[in-house]
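A.B. asks: Sequence:
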Amino acid sequence: MYNSQLPTDGSHAPKRSAMDSGVFSQRGERNGNERIRLLLKSFGLRTSLIRLKVIDALLTAAESERSLGVRGVHGHLLDLDIPLSFLSVREVLKRLCSEGVITLNADKSYSLHPHAVAMLHRD
Numbered sequence: 098m099y100n101s102q103l104p105t106d107g108s109h110a111p112k113r114s115a116m117d118s119g120v121f122s123q124r125g126e127r128n129g130n131e132r133i134r135l136l137l138k139s140f141g142l143r144t145s146l147i148r149l150k151v152i153d154a155l156l157t158a159a160e161s162e163r164s165l166g167v168r169g170v171h172g173h174l175l176d177l178d179i180p181l182s183f184l185s186v187r188e189v190l191k192r193l194c195s196e197g198v199i200t201l202n203a204d205k206s207y208s209l210h211p212h213a214v215a216m217l218h219r220d
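Per the working numbering, residue 98 is the first one in the sequence shown, and the count goes up by one each step.
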């Protein structure tokens, strides 16, 4: 009798679903991405992976009370195995800055604009 719950590769261990394997267990991360998507939309920007990751890197740095410049953001993305060029990261930062999502600080580091922070922390 066929059982769709059993694997068909000859092993007897039941396969874990995407929910069990942790792919979707990061509920906070998914909600965070949704909030970032809404933030970008409210500023009239389309969502892209690089924009999501750049904003996430700035949020992570702010939570640990660090500041990141272009090299710091680029390095953070490389640590996450997101192979983007330094120039691409710099251009995204410049665009987000020109749209008012982030600000360029006097020390050449970037941070989220206070208005953007307020939008992200709305419940």
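No lab work stands behind these hints, which were simulated from the structure alone.
Hints may be right or wrong, so weigh each one.
[Claimed, not checked] Listed next, the in silico DSSO-like pairs over lysine-lysine satisfying Cα-Cα at most 30 Å (straight line):
hint, residue 1, residue 2
1, Lys138, Lys150
2, Lys138, Lys191
3, Lys205, Lys138
[Claimed, not checked] Ranges of calculated distance between the beta carbons of each label pair, as one might list FRET restraints:
hint, residue 1, residue 2, range
4, Ala159, Leu135, 25 to 33 Å
5, Arg219, Phe183, 17 to 25 Å
6, Pro180, His212, 13 to 21 Å
7, Leu217, Leu146, 15 to 23 Å
8, Thr144, Arg219, 31 to 39 Å
9, Phe183, Ala215, 14 to 22 Å
10, Ile179, Glu131, 26 to 34 Å
11, Pro180, Arg219, 15 to 23 Å
12, Leu184, Arg219, 18 to 26 Å
13, Arg219, Ser182, 31 to 39 Å
14, His218, Leu142, 15 to 23 Å
15, Gly197, Gly166, 15 to 23 Å
16, Arg163, Cys194, 12 to 20 Å
Fair warning: this is a prediction, and the values are worked out from it, not measured in the lab.
Just so you know, even glycine gets a beta-carbon here, dropped at the ideal spot from N, CA and C.
A.B. asks: Now tell me, hint by hint, if it's right for this structure.
C.D. replies: Hint by hint, here is what the structure shows:
1. Between Lys138 and Lys150 the alpha-carbon distance is near 15 Å, which keeps this suggested pair within the 30 Å criterion.
2. Distance hint between Lys138 and Lys191 is fulfilled; the C-alpha atoms sit about 17 Å from each other, no more than 30 Å.
3. For the hint linking Lys205 to Lys138, the alpha-carbon distance of about 26 Å falls within 30 Å, and the restraint holds.
4. Restraint check, Ala159 to Leu135: a C-beta distance of roughly 18 Å breaks the suggested window 25 to 33 Å.
5. Distance hint for Arg219 and Phe183: a CB-CB separation of about 33 Å, inconsistent with the stated range 17 to 25 Å.
6. Our hint of 13 to 21 Å for Pro180 and His212 is violated, since their Cβ atoms are close to 32 Å apart.
7. At about 18 Å, the CB distance of Leu217 to Leu146 agrees with the hint of 15 to 23 Å.
8. At roughly 18 Å, the beta-carbon separation of Thr144 and Arg219 lies outside the given 31 to 39 Å, and the hint is violated.
9. Our hint of 14 to 22 Å for Phe183 and Ala215 is violated, since their Cβ atoms are close to 30 Å apart.
10. Distance hint for Ile179 and Glu131: a CB-CB separation of about 19 Å, inconsistent with the stated range 26 to 34 Å.
11. At roughly 33 Å, the beta carbons of Pro180 and Arg219 sit outside the given window of 15 to 23 Å.
12. Hint check: Leu184 to Arg219, Cβ distance near 33 Å, so the stated range 18 to 26 Å is violated.
13. The supplied range of 31 to 39 Å is met by Arg219 and Ser182, whose beta-carbon atoms lie about 34 Å from each other.
14. Here the CB-CB span from His218 to Leu142 is close to 19 Å, well matched to the stated 15 to 23 Å.
15. Range check, Gly197 to Gly166: Cβ separation about 19 Å, and the 15 to 23 Å hint holds.
16. For the hinted restraint 12 to 20 Å between Arg163 and Cys194, the CB-CB distance of approximately 18 Å keeps it satisfied.
In terms of the numbered hints stated before, the structure departs from hints 4, 5, 6, 8, 9, 10, 11, 12, listed from lowest to highest.
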